[in-house]
Amino acid sequence: MGERSFAEDVKQLGYGAGEILRGEGILAITKALLQSGVSYVGGYPGAPVSYLIDVLADANEPLLKPLGIYFEQSGSEAAAAALLGASINYPMRGAVTWKSVVGTNVASDALSHVASAGVIGGAVVVIGEDYGEGASILQERTHSAALKSSLPLLDPRNSLESFARFVEEGFGLSEACNEPVLVSIRIRACHMRGTLRCRDNVRPAISMLSPLGEPSFSLERINLPPFTYAMEAQKFEKRLPAAQRYIVEHRLNEHHRGDERQLGIIMQGGLWNTTLRGLHVLGLADTRGRTPIPLLVLNAIHPLVPDELLGFLRDKRRVLVVEEGMPNHIEREMKALAHDARLDVEIQGKDVFSPHGEYVPRLVIGGLRRFLTAGDLASRSAAEIDARYRALTAHLENVRSVLPEPVAKRPPSFCTGCPERPVFSAMKILRQREPEIGDTHVSADIGCSTFSTQAPFNVGNSVLGYGMGLASSSAVAPLFGKRTVSVMGDGGFWHNGLTNGVANAMYNRQDSVLVILDNFYAAATGQHHVPSTGTNARREPLQMTIPDALRGLGVKWIRTVNSYRIAEVLGTLREALTTRVPGLKVIIAKNECMLERQRREKPRVRQAIAAGEEVVQPRFGVDPDVCTGDHSCMRLNGCPSLTLRENPDPLREDPIAHVDETCVGCGVCGEVAHAAVLCPSFYEVKVIANPTPWTRVVARVRRAVIGRLAALTA
Amino acid sequence: MSDARLLSVLIPAVGGQGGGVLLEWIVDAALAGGLQVHGTSIPGVAQRTGSTTYYVEVFTAGDGDAEPPTFSLYPVPGALDVLLAPEFLEIGRMIELGFPSPDRTTIIASTHRLYSIHEKITTGRGVYPIENLQAAARAFSKTLYAFDALALAREHGTEANAVLLGALAGSGVLPIRVDTYRDAIQAKGVQVDANLRGFEAGLAVATRLGAGAGEGSPGFGTPLARDPSPAPAPAGPTADPDFERRIAEFPEELRPTLAQAVARLVDYQDRRYAERYLGRLTPFARDPEVARVVARHLAVWMTYEDAIRVAQLKTRPSRFERIRQEKGAQRGEIVVTDFLKPDLDEIYGILPYRLVAPFARWAERRWPHGRPALGQHVKTTTVLGYLRVWLLTLLRPLRPISYRAHAEHARMHRWLAAVARCASWDKALALEIARGAQLVKGYGDVRRRMTAHVDRLLESVMRAAECEAANGGGFEASRELAARYRTLVLQGPDAEARAVALADRVLARLTAADRRGALASLAEA
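So the protein lines, in turn, are chains Z and Y. In terms of our numbering, the first sequence is residues 1 to 714. In terms of our numbering, the second sequence is residues 1 to 525.
Check each hint, because a few of them may be wrong.
[Unchecked claim] Derived pair list, reagent style BS3-like, types lysine-lysine, alpha-carbon separation capped at 30 Å: (1) K11/Z to K148/Z; (2) K11/Z to K65/Z; (3) K686/Z to K602/Z; (4) K188/Y to K686/Z; (5) K602/Z to K188/Y; (6) K409/Z to K482/Z; (7) K188/Y to K409/Z; (8) K409/Z to K148/Z; (9) K556/Z to K686/Z; (10) K556/Z to K602/Z; (11) K379/Y to K590/Z; (12) K148/Z to K65/Z; (13) K379/Y to K65/Z; (14) K11/Z to K379/Y; (15) K590/Z to K602/Z; (16) K602/Z to K142/Y; (17) K556/Z to K11/Z.
Note that these hints are calculated values from the structure, not bench results.
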């Protein structure tokens with residue numbers, strides 16, 4: 001399963017004390033879980049932590065099972081958060097993971113309940129903070145969610161060693177304060193490759209090999225009044241103070257002294273690397289991070305420890321807070337503390353950086369420069385700092401003179417041979433050729449299918465959340481005066497769409513069309529299994545199908561179509577949009593994700609050809625003399641392998657269409673040309689490698705006859 | 001403060017190019033070389049065919065176990081050592097972001113292009129100007145290695161990433177021995193032999209190019225791949241003395257174009273047809289510049305792609321040879337299936353005008369847009385399939401009296417008349433009108449839409465010209481309108497409406513004798 005196999009990496013998860021693990025941040029985190037003696041692990045895949053699920057799945061048989069650790073890929077982040085309920089009553093450690101902030105939003109209900117009841121076994125949530133460059137979701141930070149539920153939040157420095165340490169500390173912290181602990185890992189950090197000095201894995205006391213047996217009951221742990229009031233009180237009288245003690249005693253935050261006594265920089269642990277690099281290029285730190293400027297690195301950003309912060313602020317004139325995202329909780333708390341303690345210190349942060357956006361070097365260096373040149377440094381003059389800054393940025397002024405036109409954008413899109421793309425070709429063709437029905441409101445969903453909103457399709461008027469396509473059309477449909485369409489991937493369907501989408505639509509007798517894109521996996525995150533894949537993440541066989549689920553909810557109008565057959569998809573869409581049958585009409589457009597299929601097929605074909613077997617591979621092409629270069633096919637297709645080529649005709653000027661060698665022969669270019677009545681330029685060619693004698697004879701005869709005919713008109 | 005150097009490598013790739021593997025090779029090689037290293041990438045859906053980046057930092061102090069340096073997860077603009085680009089446009093993107101700097105960065109780039117969807121969906125030529133990218137690559141690199149890594153990769157049956165790894169090794173920017181890179185490929189265990197072949201090829205190029213040599217290296221500055229197949233029209237009657245003589249009557253610089261055109265027309269119809277072409281061209285011969293534009297467009301237009309022409313092109317033996325070559329099936333066999341779907345116009349278009357004219361007029365009223373069409377998949381490499389298409393070519397003698405010929409030649413006549421009229425006024429205007437024929441392209445609905453634009457362009461520009469002529473010459477507005485209208489339509493369907501609106505606005509102003517206003521609205525368009 002999964003975009004990548006971690007089978008090789010998984011071997012390293014078995015390493016003992018002193019051995020050096022080499023791999024990604026994700027791998028170090030998994031190793032730390034095993035070193036912490038977890039009894040259960042789970043989560044829902046989503047970039048940037050989707051590979052964590054892959055690693056766990058690959059580690060299940062060889063490592064987790066033998067240790068008696070339970071692993072599941074949960075049905076959603078809510079289910080994953082609920083998994084932590086095991087640690088409310090029983091002294092066992094557990095960890096779950098998901099993409100944040102969206103995953104945290106889905107998980108909130110269960111998470112709040114666990115946070116309220118409290119845990120006696122260490123509970124850790126590894127969240128992939130999908131914020132900034134490369135994020136695939138709306139831009140919010142998880143910090144506020146942690147505050148409202150009083151969940152400790154760790155934001156560790158970016159290195160494999162540091163990730164491992166803080167995951168392990170997370171369990172300790174969780175047990176010390178009886179709260180689940182969030183460990184936040186940034187996008188690029190998840191795939192950061194480096195090394196980790198390992199410790200031995202720890203066999204959990206409670207496991208599938210040594211089960212609980214005895215239930216534990218205590219009213220105080222039930223989320224009902226009056227106990228909920230007691231729980232709330234505990235959070236602020238016991239749990240958070242306990243967390244603060246643990247943070248101090250285990251030195252989770254780092255205080256680096258320095259000669260520039262009146263200055264100081266406070267940063268989120270996750271911004272250590274960028275900040276120190278910024279200081280380095282401005283001449284105020286070496287490559288190993290030694291700097292004359294006093295630093296306070298907050299690897300634990302909630303709860304903050306007032307004494308620790310005041311200790312740092314004392315005797316300083318100016319302090320800079322490097323804090324990504326809004327609200328700027330840290331900066332505000334610092335200012336409040338300084339004010340209450342009557343400290344005469346100027347605290348800066350968002351005013352020198354930016355209220356929004358990822359703290360990338362360009363932004364951080366600019367802010368550091370403003371802060372450092374404003375005051376008197378002993379170690380470097382403002383002029384020196386400015387000079388270094390200018391040296392870095394001088395060349396920027398010439399960019400526009402060499403690149404007068406902005407470089408063409410390249411948004412992510414559907415892969416070559418993607419089975420989802422043709423469905424949107426069909427929708428666009430319908431919109432153009434039959435606007436009276438086809439030009440309607442389309443509620444898009446989360447997943448690869450979200451790309452339908454981009455060029456060349458621009459299909460999809462709103463995107464609301466994972467599996468929310470149908471639900472988000474509930475008010476539009478009755479108020480639109482035309483049948484509306486909503487889209488959902490199979491991942492979204494099982495995650496949320498089945499209940500909040502289909503059940504809700506049936507319950508409210510909504511009359512609209514739902515298109516479910518069934519490509520057998522949650523493809524966007526890397527081909528993760530979904531209930532209708534046929535097996536779960538542990539590779540155990542399943543019998544869950546989308547049509548059965550729909551029928552179970554009383555959906556009558558269900559059509560399953562081959563997503564590559566555009567005419568079929570088009571016809572079914574037309575029928576769904578025009579039929580007199582009231583209520584919800586569901587079209588399941590089905591075909592396997594081409595990435596996964598090629599991953600399986602390519603090696604097989606290569607072997608067969610090497611072995612001399614006859615192999616037939618379909619490919620598509622364009623006749624360069626028939627194509628007139630109007631590119632209508634590109635506007636309806638958008639396949640990466642359908643590209644441009646210089647016009648071979650000396651009398652013509654515009655480039656022509658061309659299908660390059662990456663074509664997988666899915667046939668969509670021909671289907672589009674047909675369905676939209678474009679042009680006769682496309683042909684399919686079955687390339688037959690190692691033809692059998694019979695194939696050769698037939699071909700030779702055909703060529704002979706055809707040759708004669710051709711000679712007649714030549 | 002100790003200051004052992006950190007070397008940084010930024011890999012701006014297109015999702016699916018294997019940038020991840022490239023990164024892993026570099027990291028593994030560095031580790032094997034006893035260096036402290038780290039690499040990062042952006043995971044997940046961001047990688048699906050979109051722009052994505054990978055980043056590596058190598059710590060040059062060879063103290064593998066000592067206190068680790070502070071690695072950055074991001075490149076620092078202006079402090080980049082290597083830009084390793086598997087695609088040429090992405091260099092431009094990185095330069096826009098300020099990463100490479102002329103006094104520090106070595107740029108190692110493949111010059112091939114993967115076109116972004118926005119470059120593909122224009123009706124004309126929407127490709128980002130390669131000269132800009134070349135200039136930028138030169139201006140923002142200390143050292144430049146630029147060559148077509150994809151072409152090399154295909155030669156050796158591998159991907160560009162392996163070739164670029166070889167080039168990186170050859171450039172010697174990182175303190176890693178060449179063999180250590182080879183070991184990394186071995187250790188990874190994916191397509192080892194092919195990747196090693198690619199690696200050696202890249203290594204050779206980099207060592208050959210040496211420092212500073214981007215210029216002229218294989219593939220540098222080829223914006224679009226060329227079609228390897230021979231030009232479609234066979235060079236026929238250049239050997240024909242009569243045509244030789246007729247062509248010789250035209251100015252020197254026109255003759256090559258005319259030779260091609262005549263060959264094409266004879267192949268398309270017959271000698272009389274070619275003579276008709278030359279006849280139509282004669283009046284323009286006085287001004288070679290206008291004549292060349294007319295000659296090109298007229299030849300293409302007169303060989304419009306009706307069902308007979310398509311059948312002719314699809315049944316050429318040379319076609320199947322071209323397909324074998326292009327799809328790498330020289331040794332194997334091929335079965336070709338053609339996707340043909342002539343619509344009603346294209347079907348009655350090849351029938352005699354007198355026969356189908358009434359029906360055609362009715363059909364055009366009955367189906368204003370989207371005529372019924374006859375879809376079929378024809379296996380043209382089988383005898384029966386070939387026969388079905390080939391039989392169509394036998395209708396060629398009927399073409400001159402066909403309904404389609406009637407319509408097309410009427411339109412060509414209007415266009416030529418317009419060019420001639422304008423030539424008598426203003427040469428530049430005549431050129432713009434002549435260029436208008438570039439809009440004649442496509443099949444079925446697309447063709448109808450585009451020719452409608454040609455009609456509209458001719459009509460509005462001619463009326464604009466009349467107005468300007470009436471006000472005593474100076475044809476800026478008409479010239480500008482012709483040019484703007486054409487370029488807007490070539491930008492794609494979204495801009496077509498803007499072209500129409502512009503034409504109306506300009507005409508309104510001109511008829512109101514407000515020439516300044518007309519020029520203003522053209523300027524802002």
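Legend entry - Hints violated by the structure (numbers, ascending): Hints 1, 4, 6, 7, 8, 9, 10, 12, 13, 14, 16, 17 not satisfied by this model.
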